[in-house]
Amino acid sequence: MLWQEWSQQGLNAMGRLVADIIVEALQNAGVKHCYGIVGDTLNLIARSLEKSEIEWVSVRHEEAGAFAAQAEAQVADRLTAVAGSCGPGSLHFINGIFEANRNRAPVILIASQIVRDELGFDFIQEVDFKQVYKDCSVFCDMIHTPEQARRKTVIACQTALAKRGVAVLIVPADISASVVDDNIPYAVHVARPVTRPSDADLAEIAEILNKSENVVLYGGSGCQGAQQEILAVANKLKAPIAHTSRAKDFLEFDNPYNIGMTGMLGNEAGYHALLDCDALLMLGADFAWRQFYPDKAKIVQVDIDPTHLGRRHPITKGVVGDVKATMGSLLPMLVERTDDSFRSAYVKRYAKYRESERAKVAVGHDGSIPGTYLTQVISRHAAKDALFTADDGTPAAWAYRHIEANGQRRIFASLLHGTMANGMPSAIGLQKAEPGRQVVCMAGDGGISMLFGDLMTVVQQELPIKIAVYDNGKLGFVEIEQKAEGMLDTFTKLKNPNFAGVARALGLWGQTVSDADQLETSVEDWLAQPGPALLHVHVNPMQLVMPPFMQVEPAIGMALYSTRAILHGRGGDVWEMVRENFL
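In case it helps, this note's numbering puts the sequence shown at residues 789 to 1371.
Simulated from the structure, these hints should not be mistaken for laboratory data.
Just so we're clear, the structure is a prediction, and the values are computed from it rather than from any experiment.
A couple of the hints might just be wrong.
Unchecked claim - The following label-pair restraints were derived from C-beta to C-beta distances: (1) H977 / E1308: 49 to 55 Å; (2) M1052 / I1103: 19 to 25 Å; (3) K922 / P1285: 36 to 42 Å; (4) E1273 / A1150: 25 to 31 Å; (5) K1172 / D865: 17 to 23 Å.
Claimed, not checked - Derived DSS-like pairs: lysine-lysine, alpha-carbon spacing no greater than 30 Å straight-line: (6) K1084 / K1140; (7) K922 / K820; (8) K1148 / K1136.
Glycine included, C-beta positions come from ideal geometry on N, C-alpha and C.
With the hints as extra help, turn the sequences into a complete structure.
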């Protein structure tokens, strides 16, 4: 192969190999791990990685490597790398790269490429990576000459860190095999300035809030690290605090003004508070669903990204700023209130909702295990500083509703990309980043199946991840969506193996539980295992994810589904759904 010829030329020459320069730049930028699968055009970079301080993590599918890298980048707040061979190797990262970029995770993809002389001639395994990755990256470019190697690697790393996203660096095989004089000291420089609105903008915001009678604070993931400043503003305005799912980790704990989430995973208190307020202060939130925004209230939005301002719903005032710095500067301009009746009403409503939800979380009929009950048991026994991942669908819904936040725990799910199979590989990245912490994966049976091969990565890397498989024998969340549209379940059924048996065959601890009486002991045993462990739980297949309100269309859809199910001789399914969710 042509790239092998170039490799031999590089090895026989004198000077610095470009592959070494690239890896050195990654290491200097703070990369600790690189996830991927080696092969042909990546071989020289792999050899350079082996000589470096960066740990190579071999995965069984590149998509899993991208999920792992983005999770590590988020929890450790550092640049993390993935690397693939030309053509299909680097192409396999695509879904995980979309996940990383949407989560604002600083990840760099080293996409090795065929030699430059063959580009543009439809050569074997040729893929136009710039075209493929342009919509899911903050940087995407190729190293065209050996002299560009350090400079372009540095700018790729710097862009990923500064813009919080994915940088794709395309490296032709002949480039990595080249030798070059490397005497210009390009290096990564990432500044973290404190950003807040001008005094005039802050005064305008204060005027809006001071003149409003009922104010609600609505926090998103941009509220990380700003809880005390947000509580101070809420106390002065006598405002309740609602939050998005992604802000649960940062705003739920030690918050006397908390009224929980709104949105489809939210509750009636958060939902109605936003609709009933006359001023909404949005903090680091880019919540996408317009039907949950108030129509008549004045909306003030604070976000570090100016493109987020007013893009989901019309706003009265939008400013760019860090939430912590902005709230600290705004606080002295606010007039302190004495009447807290509005906030008190919604705090009490939320407390009543929580009490009602806790009462509902119980063993199912005939000793079955609802997913909510399993999640509550896991939350009760998991470590105080545990890191949780959850597959998209019902595991994510149960995680955000029933895992107790305490300021130390974190939950990671695919809330912005909504992809299957993110849970287990994300847990790999979390465990590599935080080897001393407990990592718990709440996997769906569909999700774990999709990237099942990377359980072998868990074993090979000796990662003590704890995986709970929520086995309802179907694509549960998809089926709920179909029922809400009045459909009978279509193509959602899954014929699953004994997941615990497969796990044991792969080298994990594995156990299956179907009886609620055995669940508590099984969860304790599972979490106490010193190495990787998989608990296969048969959960109730008829449990629904109930929204904070019932819209007309889904209600009609459920009625149509029930009628069609009965007409098709499936009245038992309808009765089971009613019994498990409403009786």
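Hints, one by one, checked against the model:
{"no.": "1", "hint": "H977 / E1308: 49 to 55 Å", "result": "holds, 53 Å"}
{"no.": "2", "hint": "M1052 / I1103: 19 to 25 Å", "result": "holds, 22 Å"}
{"no.": "3", "hint": "K922 / P1285: 36 to 42 Å", "result": "holds, 39 Å"}
{"no.": "4", "hint": "E1273 / A1150: 25 to 31 Å", "result": "holds, 30 Å"}
{"no.": "5", "hint": "K1172 / D865: 17 to 23 Å", "result": "holds, 21 Å"}
{"no.": "6", "hint": "K1084 / K1140", "result": "holds, 27 Å"}
{"no.": "7", "hint": "K922 / K820", "result": "holds, 25 Å"}
{"no.": "8", "hint": "K1148 / K1136", "result": "holds, 19 Å"}
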